[in-house]
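Using the sequences provided together with the hints, build the complete structure.
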Amino acid sequence: MTTHPPDSTQTEHPPGRRSFLGMVTTAGTVTGLAACAIPFARSIEPAESTASHPPVDVDISHLQPGQQMVANWQGRPVFIVRRTAAQLEALQNPNLAGELRDPSSSANQQPAYARNWHRSIVPEYGVYVGICTHLGCVPTYMPPQATGAEADGGYICPCHASHFDAAGRVFKGAPAPYNLPVPPYTQPSAQLVRLGQNPPGQHFDFASIEQI
Numbered sequence: 001m002t003t004h005p006p007d008s009t010q011t012e013h014p015p016g017r018r019s020f021l022g023m024v025t026t027a028g029t030v031t032g033l034a035a036c037a038i039p040f041a042r043s044i045e046p047a048e049s050t051a052s053h054p055p056v057d058v059d060i061s062h063l064q065p066g067q068q069m070v071a072n073w074q075g076r077p078v079f080i081v082r083r084t085a086a087q088l089e090a091l092q093n094p095n096l097a098g099e100l101r102d103p104s105s106s107a108n109q110q111p112a113y114a115r116n117w118h119r120s121i122v123p124e125y126g127v128y129v130g131i132c133t134h135l136g137c138v139p140t141y142m143p144p145q146a147t148g149a150e151a152d153g154g155y156i157c158p159c160h161a162s163h164f165d166a167a168g169r170v171f172k173g174a175p176a177p178y179n180l181p182v183p184p185y186t187q188p189s190a191q192l193v194r195l196g197q198n199p200p201g202q203h204f205d206f207a208s209i210e211q212i
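Just so we're aligned: 206 in full-length UniProt numbering is position 206 of the sequence shown, and the numbers increase by one with no gaps anywhere.
Since the hints were made in silico from the structure, they are not lab data. In this text, a Cβ means the ideal position worked out from N, Cα and C, and glycines have one as well. One thing to keep in mind: the hints can contain errors.
[As the list claims (entries may be wrong)] What follows is a list of derived Cβ distance ranges for each label pair:
id : residue 1 : residue 2 : range
1  : V138      : W117      : 34 to 42 Å
2  : D59       : S106      : 30 to 38 Å
3  : A161      : S106      : 22 to 30 Å
4  : Q145      : H53       : 15 to 23 Å
5  : G136      : A190      : 27 to 35 Å
6  : P55       : S208      : 15 to 23 Å
7  : Q202      : D57       : 16 to 24 Å
8  : F171      : G201      : 29 to 37 Å
9  : H160      : A190      : 17 to 25 Å
10 : P200      : F171      : 28 to 36 Å
11 : P158      : M69       : 25 to 33 Å
12 : D205      : N72       : 27 to 35 Å
13 : G98       : G201      : 15 to 23 Å
14 : P143      : G201      : 29 to 37 Å
Okay, structure coming up:
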């Protein structure tokens, strides 16, 4: 009877060796998954206290009615929009409140000085952190149209179609649970928005908001 030698292409490891290799593979997999999750987790963490960041000045002198610009504050996009008279009129339409999830801005998504029908310091200018409160996508600005259903402008999230009005308030039926956040800011002049600084006598810490 002929005895064949074991296949040289296969290497047997003792049980202890197999267990060790299994643990190394598992640890590597978990570490890789954790590394992928970190950017997303950090993206939904509240911002640090405004006191640890210098304010950012944004020149808005070139903005025309109906136009929006995007600034960078604490690594986040900030929408600054100059609303038209038609947009402001639409925001005051009493029928609009019934279509919004939080029409009175009851949730802590803005400073007290922006808890009004236009969610801003000056009605003509809206200032919002441009991150959808659903899963963190950046909403798309819809400029006001002369005619049509979107005459009031607003925002729509390209990821899951959450719709926000021209004051950054989310419509009912959308997956986003909160209005767009309003950062601490002030307007020292008609041509300047200062992000990260509250008006004199006011206090608002962006880290206290419900969600971003």
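So, going through the hints one by one against the coordinates:
Between V138 and W117, the C-beta spacing of about 25 Å breaks the proposed range 34 to 42 Å. Between D59 and S106 the beta carbon distance is about 33 Å. The supplied range of 30 to 38 Å therefore holds. Checking the proposed 22 to 30 Å range against A161 and S106 shows it holds: the Cβ atoms sit about 24 Å from each other. In this structure the hint that Q145 and H53 lie 15 to 23 Å apart at CB is violated, the actual value being about 37 Å.
Against the hinted window of 27 to 35 Å, the Cβ-Cβ separation of G136 and A190 comes to about 33 Å, which satisfies the hint. At roughly 18 Å, the beta carbons of P55 and S208 sit within the given window of 15 to 23 Å. Between Q202 and D57 the Cβ separation comes to about 18 Å, which falls inside the hinted range of 16 to 24 Å. Restraint check, F171 to G201: a C-beta distance of roughly 34 Å satisfies the suggested window 29 to 37 Å.
Look at H160 against A190: about 37 Å separates their beta carbons, and that is not inside 17 to 25 Å. Our hint of 28 to 36 Å for P200 and F171 holds, since their Cβ atoms are close to 35 Å apart. A hinted range of 25 to 33 Å is violated for the C-beta pair P158 and M69, which are about 19 Å apart. Here the CB-CB span from D205 to N72 is close to 20 Å, at odds with the stated 27 to 35 Å.
About 35 Å separates the C-beta atoms of G98 and G201, a value inconsistent with the hinted range of 15 to 23 Å. Separation of P143 from G201 is about 35 Å and conforms to the stated range, judged on CB atoms against 29 to 37 Å.
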